Amino acid sequence: MYDKLIYEISKKDRIGYSLPNDDVGHFDINESLTRTISFDMPEVTELDVVRHFTRLSQKNYGVDQGFYPLGSCTMKYNPKIDEEIASNPAFTKIHPLQNATSVQGALEIYYETSRLLSELTGMQEFTFNPFAGAHGELAGLMIMKQYHMNRGDDKRTKVIVPNSAHGTNPASSSVCGFDVVEVGSTAKGTVDLEALKQVLNDEIAGIMLTNPNTMGIFERDICEIAKLMHDNGSLLYYDGANLNAILGMARPADMGFDIMHINLHKTFSTPHGGGGPGSGPVGVVGKLVDLLPNPRVIKKGNKFDFFHSKASIGAISGFWGNFLVVVKAYCYILSLGKENIANVAKLAVLNANYVKESLKDTYKLPITGLCKHEVVFDGLIHGQATTLEVAKRLLDYGYHPPTIYFPLLFHQSMMIEPTENESKETIDDFIETMKIIAQEALKSPELLHNAPHNTLVRRLDEVKAARTPILKYKDLLK
Amino acid sequence: MYKYFPHNEPDIKEMLQVIGVETMADLFTDIPQGILNRKNLKLDKGLSEIELRQKIGTIAHANKQLISFLGAGAYDVYTPSIVGALLSRQEFLTSYTPYQPEISQGTLQYIFEFQSMICELTNMDVANASLYDGATATAEAVFMATSQTRRNKILVAKTINPRILDVIRTYTKYRNMEVIVVEENDCTIDIDDLQAKLKDDVAAFVVQYPNYYGMIEEYQKIVEWVHNNKSLFIMNADPSTLSVLKTPGEIGCDIVCGEAQTLGIPLNFGGPYLGYMATTNQLLRKLPGRIVGMTTDADGKRGYVLTIQAREQHIRREKATSNICSNQSLMALNTVIYGSLLGKKGLIDVAKRAYSNAHYLYQKLLATKKFVAITNKPFFKEFVVQSLIDINKLNQYLEAKGFLGGLHLGDGKYLLCASEVRTKEEIDKLVNLMEEASCTIN
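As they're listed, the protein sequences go chains A and B.
Numbering of the first sequence is given in the working numbering, commencing with residue 1 and proceeding in unit increments.
Numbering of the second sequence is given in the working numbering, commencing with residue 1 and proceeding in unit increments.
The set of hints was computed from the structure by calculation and includes no laboratory data.
Hints may be right or wrong, so weigh each one.
[As the list claims (entries may be wrong)] DMTMM-like cross-link-like pairs, simulated, lysine to aspartate or glutamate; straight-line CA separation at most 20 angstroms:
#, chain 1, residue 1, chain 2, residue 2
1, A, Lys338, A, Glu119
2, B, Lys345, A, Glu224
3, A, Lys424, B, Glu22
4, B, Lys413, B, Glu250
5, B, Lys377, A, Glu31
Quick caveat, the model's predicted, so the values are computed rather than measured.
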């Protein structure tokens, strides 16, 4: 197996670049200003670099290769046409501080995408400044806080987060200076209304919800929850991580939410890039529009321009956001169009429920009844192997495993999100594999204990990594 | 049927049967009637690839690609041809955060290599897997400092990019932290003002290197004062200059962060870019974001994992060091490929080329007598001059000729940049155009 670092294939004096030779004359940098400590960088040719990174890529697993049912991550197909369009130099070679009149196309894309997202979610306006879902959460919570501050209501220092929520929800609340109040779930996996009523008081700024929630269950009481919160003077934040389940079928604003973010890299099919760049646009209802981060893109007549609101929470990004990601999402929505958009949710939900019903006799289904775009099992019914072992064994069969040990409500959670792009054949094969693994756990448990067997590396020693950190090439030479 | 949806009618029928419902609508009976399909969505009919290319082609046409002499936080840099080719490999592009290390060694290894390169350039102990952009990375650094020192006042040099200052202000406003700006003097930090404001409740002093005006400020003395005050020194540094300039490590920085767009990432109208952060071993456990470490597998083979995760939101929830979940992984790959191709020699060549281009431009501008020097302090690839020509009109003139002029900072102060991609011919042409313009303007 190729396991060299780029530093380890370096050979003195090799180079992989060329620069123009034109001479503007010699300008010396004062030596007192220059570095005296040398540094190591690889000395390699262009082909060395191409081979090295091509080989690294072959150690990865992407959506184009196969089924990737990673719950809550919406690993759908990323259309190639969107990549082609986003690579247009008319998008990649424009400076963010160019005069607005010279970037009308870019501004049009920002503006038109915001109109489409408003139509799909019911929110009045969107900002694209947040770079990711968690960044959107932070911006949204700042808006929530500012809203209460503007009303002179300084007591509202707490945000309610269900115990089923993504870890980013409490973390974002805390980064925004809120205290977190956790509220429990019912046996059906939804917010416990009675428990919610107990914690409501005049210190509650709002609640963060995902709907459907992280169990894949739609919060049926959402309208009642919204009324409770609004009557309490609080706002509702919609975590858009699971928007794929309802795209084209239901809209967060119609449910009573006031603020939301969307993960364009989930619902709108832009690639995840191994962890980013994503994009986390935030939408709000009318009364909060002026608080959105600066600047926003507006349309005046048939011209587009930036607009700075005096009441805004301020800037949350160096420039305007991850523009190229927005270009791809725009292309995706235009490609689907009116006739296809609702099929995203319908087919995603069909696939998830099909997985649920097909595996519920093998894997423990803690919550029965309809799920939405994802289903959560609580490990094997026979209990002869852990969720981790099942996940690692799935690697041997060429699958990316589901999200495991989340949500935290169950000890052996496995969260499966098949997405609308996967065919019945793909899902049938996966179901069959899950059943075979359950059998293996009984007949030859060591196969699971030691899995994976067929991957380029086997199970990695995470304890060693944390105890004796090797975090860079130089640490290795010590 | 539609190209992204594989289900035909018999598939759907069979699957509904297994689920035990009659129709697709039955799958949505858990959504209250009042909110299900409440709105008849106003969307256009879906576009074919051919129509989509046409439509976006027309929109793209309304953008002007200009020969840029503008910097101010975003730079026209050299992106080698293989960057795009490798970044578009689906194994990198369409994978998620490397939660399953056995099938994510590609991503994990390049992040390890990214951390290695950032540490080499900055001369710091540890780096994380990247952050959103330079401005948010700086705000995260501020939070690290307030958490480490348990103090809540932040001094920020006025010579920092005002966009970064704005983001720091927004981030800190909701945490009851106080941001105090240290005034400038002759395009650098006003030392007297700093000394007056460096009190014992100050968590950190934040500076930019080279600063917003392109100036190379000397910080050693300041770092001493800051450390004597038991505050942290945070530097937002352009990593592309660190192959040449005295390093943050040598200067004694506690946290180094900034925008790594300058390491080979295209302008992209402001994003995606790449925030980075490096720090000392002492502050390792306060770092936000992902960190990759090298380890071994069950057979003793080398491998990589996400590590030191006890800092992170998926484990610590509200007690995490940050709410950050993702990073800008693919952009980190962009800079690793760039750094690998250029190597030590190339990174120095590029930095010196930008330095020389900017100094050549500066000299030529002063020689026109239409621009006047406002300081004689050293700068790197960006500088400020006093313009005797109306800058807004000048920039309009340049734009019409296909050139992007500098930024008007107000009062006739003109911030210009000549990066490594500018050629002598382009610089000469710009200066000629400016002379031409000065005859028609005013």
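Enumerated hints in conflict with the structure, sorted upward: 2 and 4
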